[in-house]
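Chemist: Sequence:
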Amino acid sequence: MKKLNLIFLTGFLALATLVLLGAQIPTRGIVRANSGLNVRSGPGTEYSDIGTLINGTDVQILEVSGKWYKIQSGAMQGYSFGKYIEVTEYTTVNEDEAAKRPYSTLRETNPNRPEVRKIDPRIIPQSD
1 MKKLNLIFLT GFLALATLVL LGAQIPTRGI VRANSGLNVR SGPGTEYSDI
51 GTLINGTDVQ ILEVSGKWYK IQSGAMQGYS FGKYIEVTEY TTVNEDEAAK
101 RPYSTLRETN PNRPEVRKID PRIIPQSD
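Residue 1 is where the sequence shown starts when you use the numbering used here, and the numbers rise one by one after that.
Hints were generated in silico from the structure; no laboratory data involved. Some clues are possibly wrong.
Claimed, not checked - Once the Cα atoms are required to be at most 16 Å apart in a straight line, the calculated EDC-like pairs of lysine to aspartate or glutamate come out as:
| no. | residue 1 | residue 2 |
| --- | --- | --- |
| 1 | K70 | D96 |
| 2 | K67 | E86 |
| 3 | K70 | E95 |
Stated by the list, open to error - Label-pair distances were calculated between CB atoms; the ranges are:
| no. | residue 1 | residue 2 | range |
| --- | --- | --- | --- |
| 4 | T27 | I54 | 19 to 27 Å |
| 5 | E95 | E46 | 32 to 40 Å |
| 6 | N34 | T88 | 16 to 24 Å |
| 7 | A75 | T45 | 32 to 40 Å |
| 8 | T52 | D96 | 35 to 43 Å |
| 9 | N34 | D96 | 34 to 42 Å |
| 10 | T88 | G36 | 12 to 20 Å |
| 11 | S48 | D96 | 17 to 25 Å |
| 12 | N94 | D49 | 32 to 40 Å |
Beta carbons are placed, not taken as given, at the ideal position from N, Cα and C, and that holds for glycine.
Please work from the sequences and hints to get the whole structure.
Modeler: The structure is reproduced here in structure tokens:
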């Protein structure tokens, strides 16, 4: 029983800490790519290059889209892979504010993807 209480208390304290601290959202960073960092028009390698930032460039992080950051440096604004940006500054926002921030981007849905299974209507309960 004591072990169960300890587990419950530990979980509760961890959850309370997360709620009190809020969400950590990256806001500034430094380019960490020796050969330069490509800036693209969208969050993925299929998007066109719009420029390159040199190693050590300070960037403002505008949003997070999966593993990609939407960044701005001077007049250049676009997306770069987050692995090559060392985050130097975060902002903390509460849960409600964090829910308003863009995190991921759904570019398309394709119901014909192989991983989408067809639903057999015979196994879905019908309502009267």
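Chemist: With reference to the structure, classify each hint as holding or not holding.
Modeler: How the hints compare with the structure:
As the CA atoms of K70 and D96 are separated by approximately 22 Å, the hinted pair breaks the 16 Å bound. Pair hint K67 plus E86 holds up; C-alpha atoms about 13 Å apart against a cutoff of 16 Å. The suggested pairing of K70 with E95 is violated, with an alpha-carbon distance near 21 Å, which exceeds 16 Å. One distance hint, 19 to 27 Å for the beta-carbon pair T27 and I54, holds here, with the actual separation near 21 Å.
About 33 Å separates the C-beta atoms of E95 and E46, a value consistent with the hinted range of 32 to 40 Å. In this structure the supplied range 16 to 24 Å holds for N34 paired with T88, their Cβ-Cβ distance being about 18 Å. For the hinted restraint 32 to 40 Å between A75 and T45, the CB-CB distance of approximately 23 Å leaves it violated. Between T52 and D96 the CB atoms are about 38 Å apart, so this pair conforms to the stated range of 35 to 43 Å.
The hinted window of 34 to 42 Å between N34 and D96 holds, with their beta carbons roughly 41 Å apart. In this structure the supplied range 12 to 20 Å holds for T88 paired with G36, their Cβ-Cβ distance being about 19 Å. The hinted range of 17 to 25 Å is not satisfied by S48 and D96, whose Cβ atoms lie roughly 36 Å apart. A hinted range of 32 to 40 Å holds for the C-beta pair N94 and D49, which are about 37 Å apart.
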